[in-house]
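Novice: Keeping their order, the protein sequence lines are chains A and B. Counting in the working numbering, the first sequence runs from 1 upward without gaps. Counting in the working numbering, the second sequence runs from 1001 upward without gaps.
Treat the hints with care, since some could be wrong.
[Claimed, not checked] Simulated coverage check for chain A against chain B, where a stretch passes if three residues somewhere in it have a Cβ under 8 Å from a Cβ of chain B:
| no. | segment |
| --- | --- |
| 1 | 371-377 |
| 2 | 420-434 |
| 3 | 450-461 |
Calculated directly from the structure, the hints in this document are not laboratory data. Cβ atoms here follow ideal geometry from the backbone N, Cα and C, with glycine treated the same way.
Number of protein chains: 2
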Amino acid sequence: MTRERIVVLGADAAGMSAAHQALRMAKQVGREIEVIALEKTVHTSYSACGIPYWVSGEVESSDELIARSPERHREMGVDLITGALATGIDRDAGVAHYSHDGVDKSVGYDQLVIATGASPIVPDWALRPNGQLVGGVAPAKTLVDGQQWIDLLVAAAGAESPRRVVVAGGGYIGVEMAEAARARGLEVTLLTRSAVMSSLDVDMSSRVEKQLAEAGVQVVGGAQVVGLEVDHRGWVTSVETVDGDVHRCDLLVLATGVLPATEFAVGAGLETGQWGGLRAQPDGSVASGIWAAGDCCEVRHRLTGDWTFSPLGTHANKQGRIVGTNLITPGSRSFGGVLGTAITRYVHGDTHLEISRTGLSTREAQAAGLRVSSMVTEGRTASGYMTEAAPVAVKVFADPDTRALAGAQIVGGRAAAKRIDTVAAALWSGASIDDLAEADLAYAPPFATVWEIVQLAARRLADSL
Amino acid sequence: MTRERIVVLGADAAGMSAAHQALRMAKQVGREIEVIALEKTVHTSYSACGIPYWVSGEVESSDELIARSPERHREMGVDLITGALATGIDRDAGVAHYSHDGVDKSVGYDQLVIATGASPIVPDWALRPNGQLVGGVAPAKTLVDGQQWIDLLVAAAGAESPRRVVVAGGGYIGVEMAEAARARGLEVTLLTRSAVMSSLDVDMSSRVEKQLAEAGVQVVGGAQVVGLEVDHRGWVTSVETVDGDVHRCDLLVLATGVLPATEFAVGAGLETGQWGGLRAQPDGSVASGIWAAGDCCEVRHRLTGDWTFSPLGTHANKQGRIVGTNLITPGSRSFGGVLGTAITRYVHGDTHLEISRTGLSTREAQAAGLRVSSMVTEGRTASGYMTEAAPVAVKVFADPDTRALAGAQIVGGRAAAKRIDTVAAALWSGASIDDLAEADLAYAPPFATVWEIVQLAARRLADSL
């Protein structure tokens, strides 16, 4: 090797952000590098978050979800090998091992970027004795999963009697797949171990649950699935929970979360944390010459400093870009952590429900040993006399001693949820609850009430402290 | 007087916020106060910002624009006198003079709150020799103005040939009244002295101008009005600009701005500034026992420390509340200044145009002697494959030396403009351009691109510095 070789494991958001940023930076500083990327699937840089909207039919083709095809990455200078599953790393020799079409291969590296993402959690109850998924049961993580769901839902919707989908898992993907199944004309039961959107405080998640129920989604909280019943074809017919309840279904979405895909890295002696994720330094390094970014990593919570697992494309893109920069100019960028910001919606028929959160929930604050006070404020997204006005509830959190802003949760109608960024931006800069209560935010009747609801919520909490 | 008497001049946002907050605080601390409010009109606490949407027909009745009627204020403990125009203050005696139904009266005070708001600027060319407005010419500031505009527009729209409204002034009210006139079926010419939305940088305001023109609004920049032609009835028929251009019209909206209504206060020796506004201390006081809040005040720009004039309901409500608190517990609250945040839209037919800004424009930064770098980034409000995706352009500003964030301007489609709050919240807390580029903002396909456009704009500017 005359040129420095960077090998990237995984060709989605984090890996390809790192690859292209490294190529850009190398060009800037006039350094010769070679970037080889190994991707286990045939797809690169696609929007996993867009899959529910493709499954629902809102997005016509999976092509639209692909930000950059393998061909495009190659044109841009990445030597991309698809169908190549990373199997191990020989750190002393500087060699990555992988399986390509069933053949064991290896590639030497000067620097290695691990960006292998996360894999869906597949509970034992979802598997047949042979280790395959029960018929009618699938996650919704990859483009292959997405195509399978379209086929399954279209077929089920065409059946004579109304068909029912059980969604196991009441988080973001669960709610979005419930929307997709409803859009395809199916009945939906949403089973959740604790509560729907359990990353919210109970008084906020209960608002979500109530509105989903009013929209015709059967929501069952505290429903831990323990087993499935299958018909003679091996197809799911019902779901049994730990309480002995049985929920009939024709299809079952596994929205039970993901975990870092790091098995091969553990074998190489790289340390992983509570969720099995790599724990990179702020610059993205995990060992000498080895870097990690994206969903295969755990990340630091910016407010608590604790490690957490937050598998989102936003972090993956940012981390990948940081690693790509530091590959060429070490130490020049660092990752600032996460606030736990997230957003989703449930839209079907007359229902337009938006949900978002940032910072610490009451439970998260308690777990971190932090004091937190909070208050829910109800209002509207626009002046009450405007047709745009939709109801919204905002819960804000602050430390009652230091008055530091700690988080917010929003449940409301159209234009409600993205307001969470106002709080996230304030939180990121270490604002107090008073800062948020006093800031100069935008008002005109179609856009807000004169006391913007997020600000009103902050003001009311500030007054109570 | 056994009870302490607070006299409030002006019963809109600032005055009534002060009045009720004082009553609340007095109750809390067990202090006996009496609040007398003098209001020159018969209306209290109405949304002036809502008037264009009432004129357009989107809001059915002016009742909807009234947050609290005089009766309601009285029920809540304010001794409210309508039709009472403040005419002077005797500071030594502690007496406010006013004219009530043409009769001179006076009232003693222990503490006085000046909240007399702002008055439309009426250029000489809009007046007849007798000092009355030319026929067909009116501002759009009060509920009386609003009703007049509804009557005028409905009558004009009912005429045989399409009727044309000239809007003189291309700021927020000008754009909103253009929307209202179009909604009523009239043709619109928007005349502006400099450019439409001139509080934006030219490269952003030109986007607004282009889209307004595409939507059928005739926008004429650099058009300083010097005179009107009137018919035999004294009704406006055309507008002449300094360049000699003549624009035919049947009606003319005066959207030429407002100035503080402080004549009587100047007479009492209270100092006013460049715009004629009172310059209150951060606690709201302007002299011993005298306070001021709302549109009759100038305010400090939070970033430059300079005085500016920013007549908006948001500031009026905040300042009123601060004064109300400090009336009872002096020194406990202070006003943090303004960022110049503002937002509006132009919506008609297929056109949905949103506009917002916060912080310093290039011109404002230069005027304050500050260095500022900026960059325009184009993107979308949602993932490109979603039906929600609308184009948006974001210009961000930062100090190239300190990297301090300095402002942002947004022009785009649906859901574009309220993102300005993300920048405003960051600005309020003294964030750097890097903070905004790195913050954990919310992403899901219906709400944003994976690099949220505001963040992408910040990142690109940050990379260039």
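Novice: Now look at each hint and say whether the structure bears it out.
Specialist: Structure-based check of each hint:
Only when three residues or more bring their CB closer than 8 Å to a CB of chain B does the claim for the segment 371-377 of chain A stand; here the count is 0, and the claim is violated. Check on the segment 420-434 of chain A: 11 of its residues sit with their Cβ under 8 Å from a Cβ of chain B, so the three-residue criterion for coverage holds. Coverage of the segment 450-461 of chain A by chain B holds [criterion: at least 3 residues with CB-CB distance below 8 Å; count 4].
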